[in-house]
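Make the full structure from the sequences, and use the hints.
In order, the protein sequences belong to chains H and C.
So for the first sequence, UniProt numbering puts the first residue at 1; every next one is plus one.
So for the second sequence, UniProt numbering puts the first residue at 1; every next one is plus one.
Any given hint could be a false lead.
Here are the simulated lysine to any residue pairs, SDA-like style, with alpha carbons at most 25 Å apart [said to hold, decoys possible]:
| hint | chain 1 | residue 1 | chain 2 | residue 2 |
| --- | --- | --- | --- | --- |
| 1 | H | K124 | C | L309 |
| 2 | H | K124 | C | D307 |
| 3 | H | K124 | H | L212 |
| 4 | H | K7 | C | A142 |
| 5 | H | K124 | C | L35 |
| 6 | H | K124 | C | P31 |
| 7 | H | K7 | C | R133 |
| 8 | H | K7 | C | S147 |
| 9 | H | K182 | C | F277 |
| 10 | H | K124 | C | R28 |
| 11 | H | K171 | H | E92 |
| 12 | H | K124 | C | A37 |
| 13 | H | K7 | C | V145 |
| 14 | H | K124 | C | F277 |
| 15 | H | K7 | C | R140 |
| 16 | H | K7 | C | T144 |
| 17 | H | K124 | C | R29 |
Just so you know, these hints were derived from the structure itself, not from any lab.
Here is how the chains run, residue by residue.
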Amino acid sequence: MLAFLVKRLAEAVGVMLAVALIAFTIFRFVGDPVELMLNEQASQQQRDELRERLGLNRSVPEQYFAFVANAARGDFGISYRNQQDVFPLIAERFPATFELVIVATVLSLLIGLPLGVYTAVHRKSFLAQTLQFLSVLGVSLPSFAVGILLILVFSVTLGWLPAFGRGEVVKFGWWSTGLLTKSGLTALVLPAVTLSFFQITLVMRLVRAEMLEVMRADFIRFARARGLSEPAVQFRHALRNCLMPVITVTGLQIGNLIAFALVTETVFQWPGMGLLFVQAVSFVDIPVMAGYLMVVSAVFVAVNTLVDMTYALVDPRLRVDTVGGGHGR
Amino acid sequence: MAADATTPPARPHALRRFLDSDLGWSFRRSPTAVLGALLLAILVISAFAAPLFAPQDPYDLSQLFVDKAELPPVWVQGGEWPFILGTDPQGRDMLSAILYGTRVSLAIGLASVAAAMAIGVSIGLVAGFFGGRTDMLLMRFADTVLSIPTLLVAILVSAIFRGLLPAGIRDNFSAVILIGAIALTGWVQYARTVRASTMVERRREYVLAARIIGVSAARIMRRHILPNTLTPVLVAATLNLGLAILSEATLSFLGVGMPVTRPSLGTLIRIGNQYLFSGSWWVVVFPALQLGLIVLAVNLIGDWLRDALNPKLR
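Spelled out as structure tokens, the structure:
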């Protein structure tokens with residue numbers, strides 16, 4: 001068991017080193033950092049000084065190790081565009097993205113779970129078939145288009161909800177939250193719905209597929225034979241046995257949602273990390289791009305590793321190392 | 001597949017044969033698949049025949065109707081023929097722009113899926129056939145690619161290559177960059193599927209027989225094993241076509257995709273987004289709907305194909 005945990009952690013570290021290598025390569029070899037940081041009038045002496053300060057005269061492996069060591073301490077260099085440290089720039093915008101992603105995840109579970117149960121139980125009914133068809137529609141519309149259409153209807157035409165920004169925020173130390181003010185909450189509605197749109201259909205389809213399997217199991221028949229009411233059978237017995245994969249997928253999706261939030265943030269001008277990244281891309285602000293890549297990958301890898309470890313704790317079959325997966329099939 | 005070699009020369013029309021096959025039967029029985037196929041056929045034909053009937057060539061700047069800028073669709077008051085879906089603030093006819101944009105979106109989607117498939121299938125074949133250290137190395141690489149969110153990889157690749165090219169020629173290569181960026185994130189799934197089936201197939205007797213008579217490894221992989229691993233790959237490719245079209249649209253929307261001079265549907269939505277508050281809703285709504293329709297059609301076919309080729313569900 002311990003061996004499994006250690007191995008999984010080592011893998012996570014390996015992946016992060018690989019991501020750091022990509023980030024380093026982007027930083028070091030896409031354009032000359034010195035040319036990008038100084039203006040054209042800079043003297044040769046200034047150039048040499050900066051070159052020395054950035055450590056660009058050392059060998060490439062040495063530079064990579066310095067990059068990793070700095071990144072581990074949260075130092076991703078200085079933004080080319082506004083000459084600020086990259087890490088505080090990202091940290092300051094992290095709460096906005098985090099709240100958006102969490103609210104979207106909760107929304108997708110609140111709506112997706114009941115819909116999934118319903119479409120599984122009443123599989124042949126007209127409503128269930130319609131919902132199933134709509135879920136294909138849901139994965140077909142790109143999230144930015146959904147966001148734009150929502151803005152058109154609810155902001156431009158009806159004028160009910162704000163179309164951009166985060167509203168008023170309350171500060172707790174370095175964390176800022178929009179969940180405590182009315183304007184913060186109304187500003188959150190459209191972005192959260194947009195981001196959760198795809199997620200709802202995902203949860204619904206997953207729950208439906210799992211429920212269809214579970215409803216055929218013997219213990220469901222026993223539960224019915226005991227005379228339990230149909231909702232009790234469906235929710236207390238069947239749904240509970242579907243939750244494990246649903247929680248796993250939802251957990252794993254959080255990393256993807258953080259990345260996908262950048263599209264939603266662009267549509268709604270939501271002041272999160274994603275918007276920072278998109279702006280950095282258009283200004284070729286490479287340290288910010290590299291820093292964002294590192295932060296998002298770290299969250300992504302951490303979530304995946306945690307989910308895997310929890311799984312191993314819960315399900316002893318996974319502790320055996322199955323190399324290649326599909327042998328014997 | 002194998003039946004083709006023994007069929008007599010005077011065989012019925014390909015479409016007829018398809019409709020008579022098992023797959024064709026399940027296709028005819030599935031209303032959503034038929035709907036998807038019809039929808040896709042209409043969209044593809046109208047897009048590629050666009051030069052024949054579209055009111056305007058949106059790539060030719062001299063054809064822009066500056067005096068007819070920002071006209072609403074014909075059924076709204078103020079609309080004018082032949083601008084059925086209205087015009088944008090630059091005097092571009094929306095219907096023409098959408099049809100030409102659909103061509104761009106479809107072409108990039110297809111090309112990137114084909115590229116991802118070629119990369120993934122080759123890597124999967126090599127990893128599964130040789131096993132050992134080659135396999136470990138390739139699959140670790142695949143794991144690393146999967147450990148970064150795909151959208152992020154695509155944006156980075158696209159942004160970096162655009163940054164490396166001089167501004168003058170950048171726009172000429174945007175399609176190639178996009179295809180590369182989407183393919184680089186999409187190949188892993190094919191590699192894994194093909195690797196799994198290859199590991200099973202390589203132990204089969206026909207592979208052994210081929211080896212004994214001295215067929216080279218490359219030929220065994222290509223001619224013997226590959227055809228037996230393709231079914232799941234084709235299903236994945238159909239489902240991924242929808243995703244690839246969406247990725248292209250997302251990248252173009254974010255401004256790291258197709259330029260305004262060669263707009264794809266994503267670029268059109270990006271342009272339309274700037275006029276969101278001016279009341280010209282048609283500039284953004286119609287490209288978005290067209291995009292949704294294309295992906296919906298592809299997904300309907302993909303969903304059906306996945307179920308139809310899944311032996312467990314028969």
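Checklist entry - Does the structure break any of the earlier hints, and which numbers would those be? => result Checked against the structure, the only hint that fails is number 14, while the rest are satisfied.
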